[in-house]
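Participant: Listed here are the chains, written in short residue letters.
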Amino acid sequence: MPVDSLQFTPQIKLEFRIEEEDFFVAGASASSVKKALQQLGLNQEVVKKVAIIIYEAVMNVAIHANHGVLRVLVDPTSVTVVTEDEGAGIPDIQLAMQEGYSTASHEAREMGFGAGMGLANIKQCSDDMNIQSNVGVGTTLSAKVLLKRSTP
Amino acid sequence: MEKYYHSVRLDPEKCKGCTNCIKRCPTEAIRVHDGKATIMEERCIDCGECIRCCPNHAKIALTDSLDKLADYQYKIALPAPSFFGQFKDREDIEAILGAFQSLGFDEVFEVALAAEIVTFNVHQYLASQAFKKPLFSSACPAVLRLMQIKFPDLLDQVAPFLTPMEVAARLAKDEATRKTGIPYEEIGAFFISPCPAKVTEWKNPMTTRHSAVSGVIGANLVYKDIVKHLLKNNAHGPSPKFHRATRRGMAWGYVTGESKSIDFGVGLAVSGIHNVMSLLEEIERGELKDVDFIELQACTGGCIGGPLNIHNVFVGRVRLRELIRKHGGQPEFYTQGQLLEMYNQGTFQATESVQPRAIMTLDEDVSQALIKMERLDQITNELPGLDCGACGSPSCRALAEDIIRGIAFETDCVIKLREKVKTLAEEILDLARIVPPAMSDAVKKDKAD
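Keeping their order, the protein sequence lines are chains A and B. Per this note's numbering, residue 1 is the first one in the first sequence, and the count goes up by one each step. Per this note's numbering, residue 1001 is the first one in the second sequence, and the count goes up by one each step.
If you're looking for bench data, these hints aren't it; they were derived computationally from the structure. Hints may be right or wrong, so weigh each one.
Below 30 Å or equal to it, Euclidean Cα-Cα: the simulated DSBU-like pairs (lysine-lysine) are [claimed, not checked]:
#, chain 1, residue 1, chain 2, residue 2
1, A, 35, B, 1132
2, A, 35, B, 1036
3, A, 35, B, 1133
Bound-form chain A, shown alone (with noise of 0.2 Å):
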């Protein structure tokens, strides 16, 4: 991305803490996002991707990381989820990317949740989206929604 030097750009950043097997901070977390996103007026459709995008993100780190940290950037021009954990990581990424594969745990499964379809899910909301993984150690995911404007 081409750095705009001198311009400052007006931006926000939202933190949550994710714990293991904690599955309540996915859907808390996507909402307390996404009342701020309405706040600031953004489109329906962005607030909702984002929105998607939080609850899969979190749930992924809940279910298969030991704990994490969720950040929200949004600034003018687009919203950014990223999540960071320490965890087992993910062997190959391709294909975890596929619809109904899932390595989640048979409780996870129990709870309704581990349906294989978090990380399509992301990408197909998101413009850019990216996935870094050390097995053992940990994965990043930064998921990118651009802003459209809004429509009056």
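Got chain A; can you put chain B on it based on the hints?
Facilitator: Just chain B now, kept in the frame of chain A:
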């Protein structure tokens, strides 16, 4: 944007400036400033929470009065299903309907009858499978107004049909024109309402461009006269014949009645505006995609709990249920054929879709909004987080928002003010300890000697 009308108002004479209402308001629409509550017009959804919780009865709902009947040649009363729960079950429904004529109405048309048509419409629509799950009822205007403000992305899941009030007005006026030959404009149809939001809905309809309703009169305004008439005429006189609603329509008066009548697939009924909000939050996150239909009612217990009704919600509910048990079983007025024809022709389909109202936005420009939000977070962090309401805003966060919007000051917070006074007091004390230079010199000389 044209001026937004709403029904719930403040009676400044009665308001004592307590902060009960600001805490209950689901859209944070009330502030207490200068010892009186004020309602932020564009935020109010007329749910009636403040009317219910105000210990001084300072919140009122503006409705029409019976005086408005004089504007029309032929007058029709449209009593809401919940109205019949306000009477002891010894009264029969025909007598209650008949009593409306003593108030100056020429005709009475039960809204419950129209609710049967809406029931059929929604059932057929659900059976068509051409909808996004879950489908929401369009009957409660306060819920729709809440969705406009807080859940705009769920609005496309609202059932695209007119409300029973609207359907009743159209049917009753059509029938009256046919029967009497009086022109349509000369016929007034008045909803007898348990609900302030219905007043707003009639003035600013959400699912149609023009409402056929001629006025909305609070149930509380007609109740006494009707009871008087019932007591007077208890012994004699055959009551006139009316088209009668069955349990399918009558049950719309309390929560679960609507969804049970519609009776399709998996249904859910939720009442109480705060319950509705938490459920809608779940649905926004993608929950309940396996539920077909959700009935949402702003008032606890449904319309029977409406703020303009007379009796306690549970008293009303048990009475209405008893009435339905006794009188709900008669044959239906509209045949299946008629109902199907109305559905197929789209007679009572919504002609407008409910539009979002983005009134919580900090600024129209995203960059400006971001700057304001940064400031908002900063101010919120500096506030004590007690959410005590003494500043007149419902929470510390809301006060921070009000400061950003320029309608409040940081020193409105009593804790902040106290801190400032403390700092000031310390500064004064420090100043008091400083010895004036002239004197301090004298002190030095003293020591030298």
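Participant: Indicate, hint by hint, whether the structure satisfies it.
Facilitator: Status of the hints after comparison with the structure:
1. 35(A) with 1132(B): Cα-Cα ~23 Å, so holds.
2. 35(A) with 1036(B): holds (29 Å)
3. 35(A) with 1133(B): Satisfied, since the Cα-Cα distance of roughly 23 Å is no more than 30 Å.
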